[in-house]
Amino acid sequence: MSPEVIAPLMLLFLILPACAPQTGVGSPTAVQTQTPAVAPASAITTPGQRVTLTVVAAASLTEVFAELGRQFEASYPGVRVEFSFAGSQQLAQQLAAGAPADVFASASQKYADSAIASGRVEKGSWKTFATNRLVVIYPKANPAGLKQLGDLSKPGLKLVLAAKEVPVGQYSLDFLDKASKDPGFGPAFRDNVLKNVVSYEDNVKSLLTKVVLAEADAGIVYTTDVTPYAAGKVSRLDIPDTLNVIASYPVAAIRDSPHPDLASAFVELLLAPAGQRILAEYGFIPTGQP
Amino acid sequence: MAERRQADSAVTRRTARTASPRWPRDAWQTLCLPFVLFVSLPILALFLRLSPADFVTNLRQQQVQQAIELSLMTSLATVGLTVLLGTPVAYLLCRRCSGTYRLIDTLIDLPTVLPPSVAGVALLMAFGRQGLFGPGLSWLGLSVPFTQLAVVLAQTFVAAPYYVRAATVGFAGVDCELRKAAALDGASRWQVFHLVMVPMAWMSLISGCVMTWARALGEFGATIIFAGNFPGRTQTMPLAIYIGFEIDLNVALTLSAILVCCSFLILVLVKGFLHRRLQTRAEGPAC
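Residue numbers (my numbering), protein chains in the order written: chain L, 1 to 290; chain R, 1001 to 1287.
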């Protein structure tokens, strides 16, 4: 191939990716219900317009947000909700690096604060829409013979926790701290339990998978992670309220979102009675309740 | 003499007039720029972002030192295991051409096209506690996931094919007349192998080892799924960079810089050494 042909081809090759559309085009919704949960849809979307709303959310919100996304799409015809689920620490880092998004739902206030620090979210715009609790899970076959919380410090137990950068990882450490202060467990409880850890996972779902596969003897996850699918494969050991940790989930619209009205509407959906009902169905504790 | 010079310059002028002008001839070299820049600029940006003071501070952190030590140990163990297990395979593949061996040949390449996370899941399904060999391994008292053995196995799975491929090509490049001559002189199979084949193919073997080592050093997906992430035990440098990236960018930058320097240094040394050997061989008497 002569240089005269190669050069234009190379230029084309370099330019083409830049020509690709930046936002995806939403597919038309199949069903249009007549019961909008929040502000009238006509106020925000124009008929025939196709828009994609990008919501980045903590991994523990995977199932409930999929449902809420469907509800939102039904209320706003022409809108497609796209989700990105990962550990909140990863999402905060991506947002700081400029990842495009419209809404950010975090599993901890720490990463909400870091989104404010990186300038992607207005100070004071965070709203807590749900809380969650921790639970200890173990495979149905119970290879380590776990019977009570104190057994977590049994030598030889294979425990999987989330890395302390992940919200549920920090909450797990907080729970162990609380338990060590309790006379029922003793001050060495936290250290003994940490000696049993075999892996610090990057997000709560991969932690859950390791317990479901029975590669680990136990793990600490959110109560909401024991979905109907998981409930068939793992058993739970409840943590009493006195020792348990309240994980609050803040949500906010991203400052430079291309669809600020839709982003606020999604946030409103989470706080509205319809959204709160769905959250409760999935095991979250809606705000307004202790 | 003067006429000769005139004639020469006339020829040059004639050639210059009829040959293509200079600029398209050299313009093609600028076509190399996009790719070269694409590879070198991000690496440069990495180093520009890291201050020497941060580098030294982070180097002193225990987690960073543990990650470096673990990465080096496991990647070297991987190379050792690969050479041990892969050399017979490569030797066999270069000699036989039947259907079965062609199948093995394709199988060896499979880990290179598999996404590493798939490799991790597959290893877990095979050697995990509930895996295919789980009960057997437990009976022997072995538990593989979440151990350093798991790290080495994960790295070997994804990186060994590079060595086997290079070794196969290296062995195939040895003139079969040499082998036959040695056999005719009374050499046993083992003598033929270690006195003829290996010395003739050693450059391919070394370059295969380097590729395997580099790939093993950078292995992430299979490791985090199969071996998990535990600082000091299974947290290799790529895992530490991934986790570190999410909390402290400087830790990630420090480890990235070390990885880049290590890999680049070894590649330069080995390539330079091999290149020099190739040159002396080309210049020396024909073998």
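It should be emphasised that the hints constitute simulated quantities derived from the structure, not laboratory data.
On a predicted model such as this, the values are computed, not experimentally measured, just so you know.
The C-beta atom is built at its ideal place from N, Cα and C for all residues, glycine as well.
Heads up, some of the hints might be wrong.
Stated by the list, open to error - Taking beta-carbon pairs under 10 angstroms as the criterion, some of the chain R residues facing chain L (in silico):
1) ALA1126
2) ARG1129
3) PRO1145
4) GLY1228
5) PRO1231
6) ILE1241
7) PHE1245
To be verified - A few chain L residues that don't get close to chain R, going by computed Cβ distances all over 12 angstroms:
8) ALA66
9) ARG80
10) ASP177
11) ARG190
12) ALA214
13) GLU215
14) ALA230
15) ASN244
16) PRO260
Results of checking the hints against the structure:
1. Checking ALA1126/R against chain L by beta carbon gives a least distance of about 12 angstroms; that is not within 10 angstroms, so the hint is violated.
2. The beta carbon of ARG1129/R is positioned within 10 angstroms of a beta carbon in chain L (closest approach about 5 angstroms), and the interface hint is therefore held.
3. For the restraint placing PRO1145/R at the interface with chain L, the shortest Cβ-Cβ distance is roughly 5 angstroms, inside the 10 angstroms limit, so the hint holds.
4. At about 3 angstroms, the closest approach between the beta carbon of GLY1228/R and any beta carbon in chain L falls short of 10 angstroms, and the interface hint on this residue holds.
5. Annotation: interface hint on PRO1231/R holds; nearest CB of chain L at approximately 8 angstroms, less than 10 angstroms.
6. Hint on ILE1241/R is violated. Least Cβ distance to chain L is approximately 12 angstroms, over the 10 angstroms limit.
7. Interface restraint check: PHE1245/R against chain L, minimum CB-CB distance 7 angstroms, threshold 10 angstroms, status holds.
8. No beta-carbon of chain R comes within 12 angstroms of the beta-carbon of ALA66/L; the shortest separation is about 22 angstroms.
9. The Cβ of ARG80/L sits about 27 angstroms from the closest Cβ of chain R, beyond the 12 angstroms cut-off, so the non-interface label holds.
10. ASP177/L, annotated as away from the interface, keeps every beta carbon of chain R farther than 12 angstroms; the closest lies near 20 angstroms.
11. Once the 12 angstroms rule is applied to beta carbons, ARG190/L is consistent with being away from chain R; the minimum gap is 17 angstroms.
12. Interface exclusion of ALA214/L from chain R breaks down, the closest Cβ pair being 5 angstroms apart, not more than 12 angstroms.
13. Chain R draws GLU215/L into its interface by the beta-carbon criterion, the shortest separation being 5 angstroms against a cut-off of 12 angstroms.
14. With a closest Cβ-Cβ approach of about 16 angstroms to chain R, ALA230/L is found to remain outside the 12 angstroms limit, as its non-interface label requires.
15. No beta-carbon of chain R is positioned within 12 angstroms of the beta-carbon of ASN244/L; the least distance is around 25 angstroms.
16. Consistency note on PRO260/L: stated as away from chain R, and its beta-carbon is indeed over 12 angstroms from all of that chain's, at 28 angstroms minimum.
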